[in-house]
Amino acid sequence: MNLYPTLQTHIEQAQTLPISDERKAILQVLIDYVQQKVDHNQEISLNFICTHNSRRSQFSQIWGKVAAAYHSIDINSYSGGVEVTAFNERAVASIKRFGFKVSREGEGNPKYFVFFSDDEDPIVTFSKVYDDPANIPKGFAAVMTCSHADENCPFIPGAEARIPVRYEDPKAFDDTEKEAQMYDTRSMQIASEMLYVFSRIK
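So that you can map any letter, position 27 of the sequence shown is 27 in this note's numbering, and since no number is skipped, the others follow by simple counting.
Watch out, some of these pointers could steer you wrong.
In silico DSSO-like pairs for lysine-lysine, Cα to Cα no more than 27 Å straight-line [stated by the list, open to error]:
id, residue 1, residue 2
1, 111, 128
2, 96, 128
3, 101, 111
4, 202, 138
5, 202, 24
6, 128, 138
7, 202, 111
8, 111, 138
9, 101, 128
10, 171, 96
11, 202, 96
12, 111, 171
13, 178, 101
14, 96, 138
15, 96, 111
16, 101, 171
Pair ranges (Cβ atoms, derived) [claimed, not checked]:
id, residue 1, residue 2, range
17, 178, 118, 29 to 35 Å
18, 38, 111, 28 to 34 Å
19, 76, 180, 16 to 22 Å
20, 21, 108, 41 to 47 Å
Hints are computed from structural coordinates only; laboratory data are not their basis.
Each residue gets a CB set at the ideal place from its N, CA and C atoms; glycine is no exception.
Required output: the full structure, derived from the provided sequences and hints.
Right, here's the structure in full:
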């Protein structure tokens, strides 16, 4: 797999970021889930869930898929929320800065086709509820990426595992001089942690 050069550089940077023991303990639950699937030669499906499916869950869907592919692990990567908004344009701008190639289709809540390699199909992203027909209906792990969704959705139909991996919301920095920096910081953290998760799979 030939990653786009700018993206390759950012992945190499992400792999050098330190991950605290506390975060490693959180991520271990996800590692164990994926490893169990690999051990039993079962399909791996992850649905990253956040309230609006606009920022953190989108970053996680994208980086989860790329990190798995980087480590030669085949997964289905989805995302969803509890209400429909749109893939936030600030988050879209951030993934472009990381070297993804992005095309857009539609208005309002457009579909984005996110390319990370000319050798791979694009990741298709848009804001949707977690049980949207575009997502797998059962046999997946619900990875809860925000506290609101984690606390307000005690039951995710069809999920065989529920794994909290919460991230701070870059939305707090919207329309400030730190906006781009904080979106990129959160994206880089998620990249780093997803790369760590799939690097641990044997």
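Quick rundown of the hints versus the structure:
no., hint, verdict
1, 111 - 128, "10 Å, holds"
2, 96 - 128, "21 Å, holds"
3, 101 - 111, "14 Å, holds"
4, 202 - 138, "25 Å, holds"
5, 202 - 24, "17 Å, holds"
6, 128 - 138, "17 Å, holds"
7, 202 - 111, "34 Å, violated"
8, 111 - 138, "23 Å, holds"
9, 101 - 128, "22 Å, holds"
10, 171 - 96, "18 Å, holds"
11, 202 - 96, "31 Å, violated"
12, 111 - 171, "21 Å, holds"
13, 178 - 101, "24 Å, holds"
14, 96 - 138, "32 Å, violated"
15, 96 - 111, "15 Å, holds"
16, 101 - 171, "23 Å, holds"
17, 178 - 118: 29 to 35 Å, "34 Å, holds"
18, 38 - 111: 28 to 34 Å, "30 Å, holds"
19, 76 - 180: 16 to 22 Å, "31 Å, violated"
20, 21 - 108: 41 to 47 Å, "43 Å, holds"
Hint compliance for this structure: hints 7, 11, 14, 19 are not met, and every other hint is.
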